[in-house]
Amino acid sequence: MDFATLLQILDSTLRLSAPLILACLAGLFSERAGILDIGLEGKMLVAAFASGAVAYTTGSVWIGLLAAIGASMALSAIHGVASITFRGNQLISGVALNFLAAGMTVLIAQSWFGQGGRTPSLFGGARFEPVTLPFAESLADVPILGPIYADLLSGHSILVYVALLTVPLTWWVLFRTRFGLRLRAVGENPAAVDTAGVSVVGLRYASVAIAGLLCGIAGSYLSTGLQAGFVKDMTAGRGYIALAALIFAKWRPWYALGACLLFGLLQALALRYQNLDIFGIPLPTQIMDAAPYILTVVILAGFVGKAIPPRAGGEPYVKER
Amino acid sequence: MTMMRTLLGAATATALTAGAGLAEPALIFDLGGKFDKSFNESAYMGAERWAEETGGEYLEIEMQSEAQREQALRRFAEAGANPIITTGFAFSDPIAQVAPDYPDTDFVTIDGYVDAPNVLTIGFAEHQGSYLVGVLAAMASEGDTVGFIGGMDVPLIRKFACGYAQGVKAVNPDATVISNMTGTTPAAWNDPVTGSELTRAQIGQGADVIYAAAGGTGVGILQTAADEDILSIGVDSNQNYLHPGQVLTSMTKRVDNAVYDVMMSGDDLETGTVQILGLADDGVGYAVDEYNEEMITEEMAARVEEAKANIISGDVEVHDYTSDDSCPDLSF
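First to last, the sequence lines map onto chains A and B.
First residue of the first sequence? That's 1 in our numbering, and the numbers climb one at a time after it.
First residue of the second sequence? That's 322 in our numbering, and the numbers climb one at a time after it.
So here's chain A without its partners, still in its complex pose (with noise of 0.2 angstroms):
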């Protein structure tokens, strides 16, 4: 494998990585709080359609990611409602949006396109260009760190540092304010942020819309930045591989970064060699499609370390009885 072919794996990565990011720390901070969101795949699924249609309508790409992030925070606003007010039971929900998402979408889009439950293509403003960073151009020729900032970093869509930039924020606000002390709080043990006179209704609602929040830029990137419109049912299991990278993660932010990196990787690696020889034994690519699912078997088992969920997680919390 030569520098340029690595480059050119590792760039692939980093597109297919961002959406998981995002999706995955949606998951953290829904989940941190002691909701578990099993839904993100929907929401992503809903801010895909609702960017894609939105920003072809207007043609503005920026109002389009506006939409996706409504969409998104819609769903986001039933999951709470069933499962902050009504104490439902999280994952019944999760799975319902997933459901409504899969149908509603090609069901507007047909009575709205008439394109068979997808979005025209776009083009021009209506889609996140390629951002160049500042002298990408005059750095390319610099030996090895030039083409890694030119070829590698330089020249996505800009919702892709968007996400990266999402984690070390995600960490501040988690680890570094009274906001996500709370919040953390708020998934282990609600009774006694409610002693403190915290409202454990408020800070879930505030968990899930900003999970939803961040799923419906997540969806925007993968109608909008990787492709150009909506296809039906175009997320294709990624929030599911989200779900897995925060479980492998074990909820932490940095680790949520890694794990979506490496199955953002582990992705790039089976579309490149779809058989790949390892000492001589052809790994086919199924394995590769599988890996995440398998790494997070492997995690939640206890072979490696152990993956502790936030205590209070799937428990609606009931005030004092």
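Read the hints as simulated data drawn from the structure, not as lab findings.
Glycine is no exception: its CB is placed at the ideal position from the N, C-alpha and C atoms.
Just to be clear, a hint being listed does not mean it is correct.
Covered, in the sense of this in silico footprint (three residues per stretch, anywhere, with C-beta under 8 angstroms from a C-beta of chain A), are these stretches of chain B [what the hints assert, rightly or not]:
no.: 1; stretch: 454 to 462
no.: 2; stretch: 502 to 513
no.: 3; stretch: 535 to 541
Just the calculated beta-carbon pair ranges, DEER-fashion [claimed, not checked]:
no.: 4; chain 1: B; residue 1: 525; chain 2: A; residue 2: 191; range: 52 to 62 angstroms
no.: 5; chain 1: A; residue 1: 188; chain 2: B; residue 2: 643; range: 29 to 39 angstroms
no.: 6; chain 1: A; residue 1: 293; chain 2: B; residue 2: 631; range: 43 to 53 angstroms
no.: 7; chain 1: B; residue 1: 525; chain 2: A; residue 2: 123; range: 20 to 30 angstroms
no.: 8; chain 1: B; residue 1: 369; chain 2: A; residue 2: 307; range: 53 to 63 angstroms
no.: 9; chain 1: B; residue 1: 425; chain 2: A; residue 2: 314; range: 48 to 58 angstroms
Given chain A, work out where chain B should sit, using these hints.
For chain B alone, coordinates are given in the frame of chain A:
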């Protein structure tokens, strides 16, 4: 419960009598969806042409999951539809299950294979059409590398790849054909993001013409090829118009003609046989229209027409992957 049964019985009876009188044809679209801008859409066009010309009506349904296939077949058969036309190879097994239960109904499978007295199997010589676009790809390519991206990894798609590779090698024996499949599950027909990444990976390996035989995934492949300023080749329907000047040509598979002919023949349909539509019957071919005519030079046109004539006359034999599950020009 009794009430329910009476109602259901009445409904079935009405459906049956209605069916016997009218015998509307039914069309079942595969998972890619009716508007995949490709295979299923072509079938839809054929049915619409029939409906427009005859003023007839037809029943239709789009598959949403694997599990619906048999159910859809039975429902149409119960409703008295005749013939029932299905698109996609995946219908072989469900039809083989259902057909014996409805001996008076004619079933048609396009791309599948079922050996039953009331089933007509329609196949296409995709390898021949792919050979022709392979010839064009090799001539349009400025380097020695061209690409192929398939949808789900099944023998049918390998047949496309194999014919394509043979066509490329016929023009340029030193050429490299990079072949990738999007996936191994039906989701591979609707994953433009992965298609797009595969396109970039192939461009990274030097490909400058990429043939997409991947259903809905192809939208992403053609888009990325246009964004990266290389050529692409569409499949099944004529996709030249999607990115004018960037889609070299399309390997057309005239599913529309097949559907149209079947609907036209109505009750006179000859079942229990296998029809293979090849270059000679215009069942497959390559598309030239106002969007790509400037890219097809005279030299290319002459070469590809010669190849077409040679295949029809039998001077050139294009290897069919499905005949022996192997491909001399390409390894998977």
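Here is how each hint holds up against the structure:
With 0 residues having a beta carbon nearer than 8 angstroms to a beta carbon of chain A, the stretch 454 to 462 of chain B misses the requirement of three or more and the stated coverage is violated. For the stretch 502 to 513 of chain B, the stated coverage by chain A is satisfied: 7 residues place a CB nearer than 8 angstroms to a CB of that chain, which reaches the threshold of 3. Chain A is given as covering the stretch 535 to 541 of chain B, and this holds because 3 residues of the stretch bring a CB closer than 8 angstroms to a CB of that chain, at least three being needed. Distance hint check for residue 525 (chain B) and residue 191 (chain A): the Cβ-Cβ separation is about 55 angstroms, which falls inside the suggested range of 52 to 62 angstroms.
Hint check: residue 188 (chain A) to residue 643 (chain B), Cβ distance near 59 angstroms, so the stated range 29 to 39 angstroms is violated. For the hinted restraint 43 to 53 angstroms between residue 293 (chain A) and residue 631 (chain B), the CB-CB distance of approximately 50 angstroms keeps it satisfied. Taking the beta carbon of each, residue 525 (chain B) and residue 123 (chain A) are about 24 angstroms apart, inside 20 to 30 angstroms as hinted. Checked against the given bound of 53 to 63 angstroms, the beta carbons of residue 369 (chain B) and residue 307 (chain A), roughly 54 angstroms apart, stay inside it.
Checked against the hint of 48 to 58 angstroms, the C-beta distance between residue 425 (chain B) and residue 314 (chain A) comes to roughly 55 angstroms, which is consistent with it.
Hint check: violations occur at hints 1, 5; the rest are consistent with the structure.
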